[in-house]
Amino acid sequence: MNDDFVITAESLTKKFGRFTAVDSITFDVKRGEIFGFLGANGAGKTTAMRMLCGLSIPTSGNASVAGFDVYKQTESIKKNIGYMSQKFSLYEDLTVSENIRFYGGIYGLSKDAIKGKTESLLEKLRMKDAGNKLIKSLPLGWKQKLAFSVAIFHEPKIVFLDEPTGGVDPVTRRQFWEMIYEASASGVTVFVTTHYMDEAEYCSRVSMMVEGRIASLDSPHNLKNIYGVDTMHEVFVKLARPAL
Amino acid sequence: MKRLLTFVKKEFLHIIRDYRTLLILFGMPVAQILLFGYAITNEIRDVKIAILDLAKDDVTQEISNKILSSGYFVSYENLKTAADIEPAFQKGIIKEVIVFEPFFGRNLEKEKRANIQIIADASDPNLANMMIGYTTAILENYQSGLSEDKILPAMIVPEIKMLYNPNLKSVYMFVPGLMSVILLLVSALMTSISITREKEMGTMEILLVSPLNPAHIIVGKVIPYLVLSLINTVIVLVLSMFVFQVPVNGSLALLAGISFLFLITALSLGILISTLSNNQQTAMMISLVALMLPTIILSGYIFPIDNMPLLLRVLSNIIPSKWFIIIVRGIMLKGVTFSYIWFETLILVFMTLLFLVISIKKFKIRLE
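Each protein sequence line maps, in turn, to chains W and Y.
1 is the number of the first residue of the first sequence in our numbering; add one for each residue after it.
1 is the number of the first residue of the second sequence in our numbering; add one for each residue after it.
Some clues are possibly wrong.
[Unchecked claim] Cut-off 35 Å, straight-line C-alpha distance, at most; resulting in silico cross-link-like pairs (DSBU-like, lysine-lysine):
{"hint": "1", "chain 1": "Y", "residue 1": "Lys169", "chain 2": "W", "residue 2": "Lys115"}
{"hint": "2", "chain 1": "W", "residue 1": "Lys133", "chain 2": "W", "residue 2": "Lys30"}
{"hint": "3", "chain 1": "W", "residue 1": "Lys124", "chain 2": "Y", "residue 2": "Lys2"}
{"hint": "4", "chain 1": "W", "residue 1": "Lys143", "chain 2": "Y", "residue 2": "Lys161"}
{"hint": "5", "chain 1": "W", "residue 1": "Lys15", "chain 2": "Y", "residue 2": "Lys362"}
[Unchecked claim] To list a few chain W residues with every Cβ distance to chain Y over 10 Å, as calculated:
{"hint": "6", "residue": "Asn41"}
{"hint": "7", "residue": "Ser85"}
{"hint": "8", "residue": "Arg101"}
{"hint": "9", "residue": "Thr118"}
{"hint": "10", "residue": "Arg126"}
{"hint": "11", "residue": "Leu239"}
Please keep in mind that the hints were generated in silico from the structure rather than gathered at the bench.
Cβ atoms here follow ideal geometry from the backbone N, Cα and C, with glycine treated the same way.
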């Protein structure tokens, strides 16, 4: 086990009956990296991510997340990762503090720790007065930031973001990525799936998935050079074309 | 354990925030028991009738007075001819017409036989039956008064005793059924909705990725509704005992134990429904159509199972409420001990285990 890699996957495969959703993918993710997982809908991004999160047992291949095996140590994996899905994941009928207390609680944080961290978090988000407000009364941008903050509240080694910016306006998306950078700078590894190609530019490295396989994996800069194009969008179109 | 506690706390917050549901949760049982207790009754009072007296003698006068002074009937009009009967009914005010034949008193005295015709408006069959029953009873009563001073050759006098519910109060019959409906509604419907809501909102995924395991999630979802249903059971029991004087002749502890068992049955059904549905609407439809309707119709709650066609009688055996109602009626009204209801209890235990095993299996498959 190499200490520099927080996620390693080797020939990881998932079949549903005769359909192969993820076809023998191999990759490593370095500590503190922002690892982009790109692909069209149905390319196998979510299935791959679910295997890494311990939600789904792979059909074959090997993978470890935060040093734990995805077959046998899913419980340990779950303690060391954070997760945010494209569906908004806070409880609308609970207040900001209640949501934080709940997520802190199910990750086993102590009462005092939750209290202290809640204060500093709300201060950081400039939401100090919003602690007792119901989530449903907050603007979408706030909710989004809060959802991300909650996903990394228990200081996980890796945070998985499943299309976190779906349906969010460009300004909020930009602010959201600033938070991702900040988290990455503090040592959290970020594993993010998206189909916004401009977001791909923000990643340290990007893996392009086409029909369950990794078609290409490199930094955005290198990818653009290899395919001789100017934007990630064009890279995607070139790679995805054979599938169309 | 601490994680579970956090989860349960969160669930309670959901319930408290949603005050409309809360109102239904506690308002419905109270409303239902009061409705069933007061509105549904087998007694009639002050029914308007018409009398067509073609004899107009002392005897018909006496019988008419007896009928009208009973408190069950009041006279609305006196008819003159048989042709008046139909129009009188059509006005919709009177529900029964009593016709005395001409020379009623003389016939009775001389021929020992006189005819009286009772015509009831059977557009409401239940009411018609009851009116006929009451009228006949009054006539019989009058007749036995006549025969007191005469010696009749032979007479059979039935002495009727209504065991376990001497006054035939309908609330006695409804309370056990009501308990089962409320427990089912609160436990199964609410649990299934609250689990599918997490799925719909996308929070279920977050929970599954967290260190909480499926058992935590299920138990955490179930505990709050267990508590609410227990409170509801107590409310229904207290109301029926103190407002309607329904007796608990058997052991209260046994009743509590059985109710608890049935609660678990209902909760496991709720979990099962939630594994079958992906959104709240589906969960609600399944609960209402597949659970509530058969429970109300096939459990013996309102309609007696013994009078049903064979197919429905067989079908009623898979309705958990049927067994619960048998047990609760046994304990409350007949005061039976466990040795009389062990079989029904065993069936409930078996059903509960079956639901639990299926739903836990299904829940696990869903994680894949």
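Now for the hints, and whether the structure bears them out:
1. A distance of roughly 58 Å separates the Cα atoms of lysine 169 of chain Y and lysine 115 of chain W; the hinted pair therefore is violated under the 35 Å criterion.
2. Taking the CA atoms of lysine 133 of chain W and lysine 30 of chain W, the gap is near 38 Å; set against the 35 Å cutoff, the hint is violated.
3. For a cut-off of 35 Å, the pair hint linking lysine 124 of chain W to lysine 2 of chain Y stands: about 28 Å separates their Cα positions.
4. With a CA separation close to 69 Å, the supplied pair lysine 143 of chain W and lysine 161 of chain Y exceeds the 35 Å bound.
5. Restraint check for lysine 15 of chain W and lysine 362 of chain Y: satisfied, since their Cα atoms lie roughly 20 Å apart, inside the 35 Å limit.
6. Taking the minimum C-beta to C-beta distance to chain Y, about 17 Å, the non-interface status of asparagine 41 of chain W holds against the 10 Å cut.
7. Separation of serine 85 of chain W from chain Y is inadequate, the least Cβ-Cβ distance of about 5 Å not exceeding the 10 Å criterion.
8. At roughly 8 Å, the least C-beta separation between arginine 101 of chain W and chain Y is not larger than 10 Å, which violates its mark as non-interface.
9. For threonine 118 of chain W, the requirement that its beta carbon stay farther than 10 Å from each beta carbon of chain Y is met, with the minimum near 14 Å.
10. Residue placement check: arginine 126 of chain W keeps its beta carbon more than 10 Å from all beta carbons of chain Y (closest about 25 Å).
11. Listed as outside the interface, leucine 239 of chain W is consistent with that label: its C-beta sits roughly 28 Å from the nearest C-beta of chain Y, beyond the 10 Å cut-off.
Against the hints set out earlier in the document, violations occur for numbers 1, 2, 4, 7, 8.
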